[in-house]
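Could you put the whole structure together from the sequences, leaning on the hints where they help?
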Amino acid sequence: MLSGCGFKDIDKRFFVMSIGVDVAKNSPKKYLVSLKFAVPSSSKDNPTEFMIVSEKADSMAEAVRIIKTKVDKEIDFSHAKVIVYGDEVVRQKENEGINYWFNRRRDIQSIAWIAIGKPSALDVLKVQPKSEYIPSNALFLTLGRDGSETPYVISEYIFDYKFRLIERGIDPLLPIIEAKKDILEVNTVGLLNKKQLKLILEPEETKLLNFLRNREEKSANKVSKGGTTIVIDTHKVKTKYKIHTPKGKAPYLMVKVSLEGIVEEATRTVPYEKLSYFEKAAEKKLNKDIENVLMKIQKANIDPIGFGLRYRSRHFNNDDWEEWKRIYPKIKFKVQSKVQIEDTGLIE
Amino acid sequence: MPSNKVQSIQESITSKIMHPEDMVFKENHTKEKYMEVLYIKTISDEAVLHENVLKPFFEITGSEEFLNYLQSHPKISEFESEQKTIDELMRGVAILFYQDFVFLFDCKIDRNNAVMDTTVETTIQGPQVGFSESLPVNLGLIRHRYPNTSLKVESTEVGRLSKTKVMILHDTKFADPNTLKRVKEFLANVDIEMFQTGEQLFDLIRKSNRALFPLMLVTERPDRVAVNLASGKVILLVHGSSYAVILPTVMKDLMSSMEDIYQTYWIAKFLQLLRYTAFNLSMILPGLYVAVSSYNPELFRVQLAMSIAGSRTGIPYPSFVEVVLMLFMMELLTEASIRLPKAIGPTATTVGGLILGQAAAEAGLVSNIMIVIVSFVAISNFVVPINAFSFTIRVLKYFILFLSTIFGLVGVVIGFFMILAYMVKLDSFGEPFLTLIQSKPNKE
Amino acid sequence: MNRYLFYIVLLNMIVNVIIFVPKILIQYRYEGAVMGVIIAIPIGVALNYVYSTTINKFPEQGIPEIIANSTHRWLKIIHLCSIQLIWFTAGLITLVGFIDVLARFINPEMPKLALLVIYLAAIFLIIQLPTQRVMYFLEIVLFINIPLIGFIILSAFTNEYLSWDSMLEVGTHIFERPSLKSIAAATYCFSSYSNLIIFNRVIKGKLKIWNFIAIFFLGIFNLFTAFFIPIGFHGSDGAQQYLYPWISTADSLRLVYSPIERAIFLFLMFYMSITLISISVNWHVSLELIKGTFKDKVSKKKNWLVLIFYASCSAAAVIYLNTVLLNKITIYWMICRFGFEIFLVVLFFLWARRRTA
Numbered sequence: 005m006l007s008g009c010g011f012k013d014i015d016k017r018f019f020v021m022s023i024g025v026d027v028a029k030n031s032p033k034k035y036l037v038s039l040k041f042a043v044p045s046s047s048k049d050n051p052t053e054f055m056i057v058s059e060k061a062d063s064m065a066e067a068v069r070i071i072k073t074k075v076d077k078e079i080d081f082s083h084a085k086v087i088v089y090g091d092e093v094v095r096q097k098e099n100e101g102i103n104y105w106f107n108r109r110r111d112i113q114s115i116a117w118i119a120i121g122k123p124s125a126l127d128v129l130k131v132q133p134k135s136e137y138i139p140s141n142a143l144f145l146t147l148g149r150d151g152s153e154t155p156y157v158i159s160e161y162i163f164d165y166k167f168r169l170i171e172r173g174i175d176p177l178l179p180i181i182e183a184k185k186d187i188l189e190v191n192t193v194g195l196l197n198k199k200q201l202k203l204i205l206e207p208e209e210t211k212l213l214n215f216l217r218n219r220e221e222k223s224a225n226k227v228s229k230g231g232t233t234i235v236i237d238t239h240k241v242k243t244k245y246k247i248h249t250p251k252g253k254a255p256y257l258m259v260k261v262s263l264e265g266i267v268e269e270a271t272r273t274v275p276y277e278k279l280s281y282f283e284k285a286a287e288k289k290l291n292k293d294i295e296n297v298l299m300k301i302q303k304a305n306i307d308p309i310g311f312g313l314r315y316r317s318r319h320f321n322n323d324d325w326e327e328w329k330r331i332y333p334k335i336k337f338k339v340q341s342k343v344q345i346e347d348t349g350l351i352e
Numbered sequence: 007m008p009s010n011k012v013q014s015i016q017e018s019i020t021s022k023i024m025h026p027e028d029m030v031f032k033e034n035h036t037k038e039k040y041m042e043v044l045y046i047k048t049i050s051d052e053a054v055l056h057e058n059v060l061k062p063f064f065e066i067t068g069s070e071e072f073l074n075y076l077q078s079h080p081k082i083s084e085f086e087s088e089q090k091t092i093d094e095l096m097r098g099v100a101i102l103f104y105q106d107f108v109f110l111f112d113c114k115i116d117r118n119n120a121v122m123d124t125t126v127e128t129t130i131q132g133p134q135v136g137f138s139e140s141l142p143v144n145l146g147l148i149r150h151r152y153p154n155t156s157l158k159v160e161s162t163e164v165g166r167l168s169k170t171k172v173m174i175l176h177d178t179k180f181a182d183p184n185t186l187k188r189v190k191e192f193l194a195n196v197d198i199e200m201f202q203t204g205e206q207l208f209d210l211i212r213k214s215n216r217a218l219f220p221l222m223l224v225t226e227r228p229d230r231v232a233v234n235l236a237s238g239k240v241i242l243l244v245h246g247s248s249y250a251v252i253l254p255t256v257m258k259d260l261m262s263s264m265e266d267i268y269q270t271y272w273i274a275k276f277l278q279l280l281r282y283t284a285f286n287l288s289m290i291l292p293g294l295y296v297a298v299s300s301y302n303p304e305l306f307r308v309q310l311a312m313s314i315a316g317s318r319t320g321i322p323y324p325s326f327v328e329v330v331l332m333l334f335m336m337e338l339l340t341e342a343s344i345r346l347p348k349a350i351g352p353t354a355t356t357v358g359g360l361i362l363g364q365a366a367a368e369a370g371l372v373s374n375i376m377i378v379i380v381s382f383v384a385i386s387n388f389v390v391p392i393n394a395f396s397f398t399i400r401v402l403k404y405f406i407l408f409l410s411t412i413f414g415l416v417g418v419v420i421g422f423f424m425i426l427a428y429m430v431k432l433d434s435f436g437e438p439f440l441t442l443i444q445s446k447p448n449k450e
Numbered sequence: 062m063n064r065y066l067f068y069i070v071l072l073n074m075i076v077n078v079i080i081f082v083p084k085i086l087i088q089y090r091y092e093g094a095v096m097g098v099i100i101a102i103p104i105g106v107a108l109n110y111v112y113s114t115t116i117n118k119f120p121e122q123g124i125p126e127i128i129a130n131s132t133h134r135w136l137k138i139i140h141l142c143s144i145q146l147i148w149f150t151a152g153l154i155t156l157v158g159f160i161d162v163l164a165r166f167i168n169p170e171m172p173k174l175a176l177l178v179i180y181l182a183a184i185f186l187i188i189q190l191p192t193q194r195v196m197y198f199l200e201i202v203l204f205i206n207i208p209l210i211g212f213i214i215l216s217a218f219t220n221e222y223l224s225w226d227s228m229l230e231v232g233t234h235i236f237e238r239p240s241l242k243s244i245a246a247a248t249y250c251f252s253s254y255s256n257l258i259i260f261n262r263v264i265k266g267k268l269k270i271w272n273f274i275a276i277f278f279l280g281i282f283n284l285f286t287a288f289f290i291p292i293g294f295h296g297s298d299g300a301q302q303y304l305y306p307w308i309s310t311a312d313s314l315r316l317v318y319s320p321i322e323r324a325i326f327l328f329l330m331f332y333m334s335i336t337l338i339s340i341s342v343n344w345h346v347s348l349e350l351i352k353g354t355f356k357d358k359v360s361k362k363k364n365w366l367v368l369i370f371y372a373s374c375s376a377a378a379v380i381y382l383n384t385v386l387l388n389k390i391t392i393y394w395m396i397c398r399f400g401f402e403i404f405l406v407v408l409f410f411l412w413a414r415r416r417t418a
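Residue numbers (our numbering), protein chains in the order written: chain A, 5 to 352; chain B, 7 to 450; chain C, 62 to 418.
Rather than coming from a laboratory, the hints here were simulated on the basis of the structure. All values reported here derive from a predicted model rather than from experimental measurement. A hint or two may mislead.
As the list claims (entries may be wrong) - As a list, the in silico EDC-like pairs of lysine to aspartate or glutamate whose alpha-carbon atoms are at most 20 Å apart:
#, chain 1, residue 1, chain 2, residue 2
1, A, Lys33, A, Glu100
2, C, Lys265, B, Glu437
3, A, Lys222, C, Glu221
4, A, Lys240, C, Glu221
5, A, Lys12, C, Glu170
6, A, Lys244, C, Glu221
7, B, Lys190, B, Asp209
8, A, Lys77, C, Glu170
9, A, Lys198, C, Asp298
10, A, Lys16, C, Glu200
11, A, Lys329, C, Asp298
12, B, Lys431, C, Glu221
13, A, Lys72, A, Asp111
14, C, Lys173, A, Asp111
15, A, Lys72, C, Glu170
16, A, Lys199, C, Glu221
17, B, Lys258, C, Glu200
18, A, Lys60, A, Glu98
19, A, Lys12, A, Asp76
20, A, Lys242, C, Glu221
21, B, Lys171, B, Glu94
22, A, Lys338, A, Glu295
As the list claims (entries may be wrong) - Derived list of chain B stretches under chain A, where covered just means 3 residues or more per stretch with a C-beta under 8 Å from a C-beta of chain A:
#, segment
23, 290-304
24, 321-331
Unchecked claim - From the derived model, a few chain C residues whose C-beta atoms are all more than 10 Å from chain B:
#, residue
25, Arg238
26, Phe370
27, Ala378
28, Ile403
29, Val407
Just so you know, even glycine gets a beta-carbon here, dropped at the ideal spot from N, CA and C.
See below:
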């Protein structure tokens, strides 16, 4: 009687921790799907083991069905929190099937993280840093900002990814995880348009993108002036932007950034009087850097920050989307930043 | 010489009580007076009889004067009916046959009138004295604490064979007359042969004779009785039982202990919150464990799911069998520890705790997490101050466990609310059982 | 108690956040749903006000008692029968819809009939209680659940992934012509006052004006939450694709510091009890109306007969209605109900006017 009700003990289930999707090489099938399972251990002394099972198939559903025959317990996706796309998968175009498979299934959490894996998803899944207790825990902590908080990581949830895939005016972005021996490095972001990967940003640019999204407040900024280089440890970064379309003149986008921090490292002593010089230098540098990033993104014709959506929301006409498509490639960016260095730490 | 009428009464009484071994029938003669005394020596206090009747009998010389003495003695009452006389005789009253009169002399022995310490409902501070097993002593204890004229005492008899005397107390200023009427009707309709103590009334309150929730409160503390009298409840004192019955009872009373008024306000509130949490936890936890581990392991975080899966490796049976097994062991332990002789008591707890728990886990019979859960459930069960109610909770959790085995998480939630709905349906002598938050309707 | 009216209205508002209203409103978001919502609010509050004050003139009586003295017997029977039917189908639709939700998210392998069994067991226990006890139970359930649901809504509002731009974007379509379907769906949030048909028995005292002001504000907040929050999480274009927008929204909330990380489970657990009491309230009204149609006392057997009828209808509904069909039927049912409600309120108002004049 109970078997018809879905009663299945927890030790008869096999929990998937992360999913990886790659392009299948040397095979007529499209994808290589890998699932990283956690093998529970009965005592606290040994950490949980893991097991990776891969399968080539044309679609996710097919792959999962075949993998079911390879393992002895029932596959349970309810704790699958990371989904990694291989580098080449995102570069190719027809990914809708796998994109929507994750959303259609009720048991994959909408708050699962999604990322790009370099060189391939399988390599990322294979890495097990010594510090992790449960398989993929390192990935969970990094992407979830529960562990180290750094501005170089942009994390993305599945529901947000889907939001950006469909919504007109905002484009998807995914963090890129690099597998290096026993360590996973996450410090770049990949920008996609609605279909494929278009642009990869450098770590510094990633940091600036994070600033623009108002997501990260702690960071380190390097500023040089007159032979002295200081590093500002920011604790507050706020960004506001506004799209101006004055009649008859060229449209422009005004970005206002305000940054507050203290000096963390300096090659020479920094007296209090000189702080304003450094502030101005920092402002100029910040302006230029942000403008460069924005122009680089604009050239690739993608919009991860959502300027288009903002434009649509502020205008009542029905064809505002078409208007924006014309405006965006030509719009000028004006950045005004305000840097405030509060003090120089414990010493000058 | 006793008159004929008195003679015939005396003969019929002696024949009706069928000459037991401990009956004493003695004729007392002096020069002017003749008296016959009939009593049952195991329940009559012979010293009192001697002091108050026999000594004056031989000291007072005139027969008229002795008659006056008898008629004015407070412990002596007149003959009313034969049946009543026999009833009183069976309770320890001595019957005096003198001239034309039959007198009843109250010399009942009260053996169990020691005032005891509270055993079941202890508090940290405050009065520690409990009731004794004698009705007059208990009444006296209550009157000490409640010296108001509005305290009304009525008495009735319950039980066909045991003929137990029951006293109904209430405060006329506070008690609701409807409730009082219902209580009296209820007592009059109780059809039972042996009535030993108030707890037997638990079942009889419900028409179907099968009740799950206690709708009366049984207490051994006179201070609790006094506090309840002041809030308008009706108290029943039963002869021979050291527990008084408080009616009507609602859930708030079942979850309150005397600590609440002996501590400061916030601490009392905190303790109440603790009790309610323990009550809920103790009901839901086993069912929740089964639902989470077998139906929806995605409910909790992944680390917890991994630990549960890890500790369940090697257990040969499904989770609900494991839960039932552990709960059964715990029930056995609880039941046995009530009846353990004092010498073996501590050993048994050690056996139960250490060996059953630890060794069972080592042998792979139950998982570690299960042991934690079951001990949690056991402890939170006893946080509820009223014993009868904690028994109820022990039974209720099996209901939720059953539902959650079949239906999973839905079973736990719906089962909990079904119990809540049943509690809303109950009422205790006209007052709704679950008056936790809403105001009492008849007080507006 | 005046707060009892509040509880009844609140109940319907909360239930609708899950079941049907968001999906319908979001489906028509570019075709006049926003204007529909704005129109629906005054209509809803007005209906509330008219009906409540009218029935308040007959203190502590439900409709069976009120129209018991009326002369037109056939009219009375038709009136009562139609109301019974509508109430029964209201509860039925909620029941079938929620069992579908449960079967999809919590117990995917359990046959729907099994879920139906346990819900019916609990519902039958509740609807046979006297009306005042049902009200007590409602109060308890609301007390337990509202703080927690409020917490989830709060964390939805303050989530950093909530895109206010998308919501504004849908707001820019405010000047489209409103569609009847969206007005009907939005007024359903307010329509629980009609449960006063029976629950007037437990309402004591006069209803004050602040009751209706509170309903007004709550209604605005509720409609806003039900309609716009899913759009903020899933995008103005993407929200349409979800079958149950609010449940998927709850799934997107991450409670970082709690042992239950996915908010969807908390959300669904609380909603299990809320739908239980909502269906019970609806069916209790229907059962009491049936009991009131017959002049004599209802025997136990008749009671059981009605319950068996309810059970078999719901079993049939669960078996035959799948989600797509259910959605279609719901939209048309809402329109019917909307029209019927206006008719009912107006009729009652005129009749009471004539009675008390």
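Against the structure, the hints:
Of the supplied pair hints, the one linking Lys33(A) and Glu100(A) holds, its CA atoms being roughly 16 Å apart against a limit of 20 Å. Taking the CA atoms of Lys265(C) and Glu437(B), the gap is about 19 Å. The hint holds against a cut of 20 Å. For the suggested pair Lys222(A) and Glu221(C), the alpha carbons sit about 17 Å apart, so the restraint of at most 20 Å is met. Restraint check: the Cα-Cα separation between Lys240(A) and Glu221(C) comes to about 16 Å, which is no more than 20 Å; the hinted pair holds.
For the hint linking Lys12(A) to Glu170(C), the alpha-carbon distance of about 10 Å falls within 20 Å, and the restraint holds. This hinted pair checks out: Lys244(A) and Glu221(C) have alpha carbons roughly 15 Å apart, not beyond 20 Å. For the hint pairing Lys190(B) with Asp209(B), the CA-to-CA distance comes to about 17 Å; that is within 20 Å, so the pair holds. For the suggested pair Lys77(A) and Glu170(C), the alpha carbons sit about 16 Å apart, so the restraint of at most 20 Å is met.
Restraint check: the Cα-Cα separation between Lys198(A) and Asp298(C) comes to about 13 Å, which is no more than 20 Å; the hinted pair holds. Between Lys16(A) and Glu200(C) the alpha-carbon distance is near 41 Å, which puts this suggested pair outside the 20 Å criterion. For the suggested pair Lys329(A) and Asp298(C), the alpha carbons sit about 17 Å apart, so the restraint of at most 20 Å is met. Of the supplied pair hints, the one linking Lys431(B) and Glu221(C) is violated, its CA atoms being roughly 45 Å apart against a limit of 20 Å.
Proximity of Lys72(A) to Asp111(A) is assessed by CA-CA distance (about 16 Å); at most 20 Å being required, the pair is judged to hold. With a C-alpha separation of about 18 Å, the suggested pairing of Lys173(C) with Asp111(A) holds against the 20 Å cut-off. Under the criterion of a C-alpha separation no larger than 20 Å, the hint pairing Lys72(A) with Glu170(C) is consistent with the structure, at around 17 Å. Straight-line distance between C-alpha atoms of Lys199(A) and Glu221(C) comes to about 25 Å, which puts the hinted pair past the 20 Å bound.
Of the supplied pair hints, the one linking Lys258(B) and Glu200(C) holds, its CA atoms being roughly 17 Å apart against a limit of 20 Å. At roughly 17 Å between alpha-carbon atoms, Lys60(A) and Glu98(A) fall within 20 Å of each other, so this suggested pair holds. With a CA separation close to 14 Å, the supplied pair Lys12(A) and Asp76(A) stays within the 20 Å bound. Distance restraint check for Lys242(A) and Glu221(C): the Cα-Cα separation of roughly 14 Å lies within the 20 Å cut-off, and the hinted pair is therefore satisfied.
Straight-line distance between C-alpha atoms of Lys171(B) and Glu94(B) comes to about 12 Å, which keeps the hinted pair within the 20 Å bound. Simply put, Lys338(A) and Glu295(A) have alpha-carbon atoms about 7 Å apart, close enough for the 20 Å limit, and the pair holds. Coverage of the segment 290-304 of chain B by chain A holds. Counting CB-CB distances below 8 Å, 6 residues qualify, and the rule asks for three or more. Counting residues of the segment 321-331 of chain B whose C-beta lies closer than 8 Å to any C-beta of chain A gives 3; at least three are required, and the coverage claim holds.
Every beta carbon of chain B lies more than 10 Å from that of Arg238(C), the smallest distance being close to 42 Å; the non-interface claim holds. With a minimum CB-CB distance of about 22 Å to chain B, Phe370(C) clears the 10 Å threshold, and the non-interface call stands. Non-interface call for Ala378(C) relative to chain B: holds, since the shortest CB-CB distance, roughly 18 Å, exceeds 10 Å. For Ile403(C), the condition that its CB be more than 10 Å from all CB atoms of chain B holds, with the nearest at approximately 34 Å.
With a closest Cβ-Cβ approach of about 34 Å to chain B, Val407(C) is found to remain outside the 10 Å limit, as its non-interface label requires.
In the structure shown, a violation is registered for the earlier hints numbered 10, 12 and 16, in ascending order.
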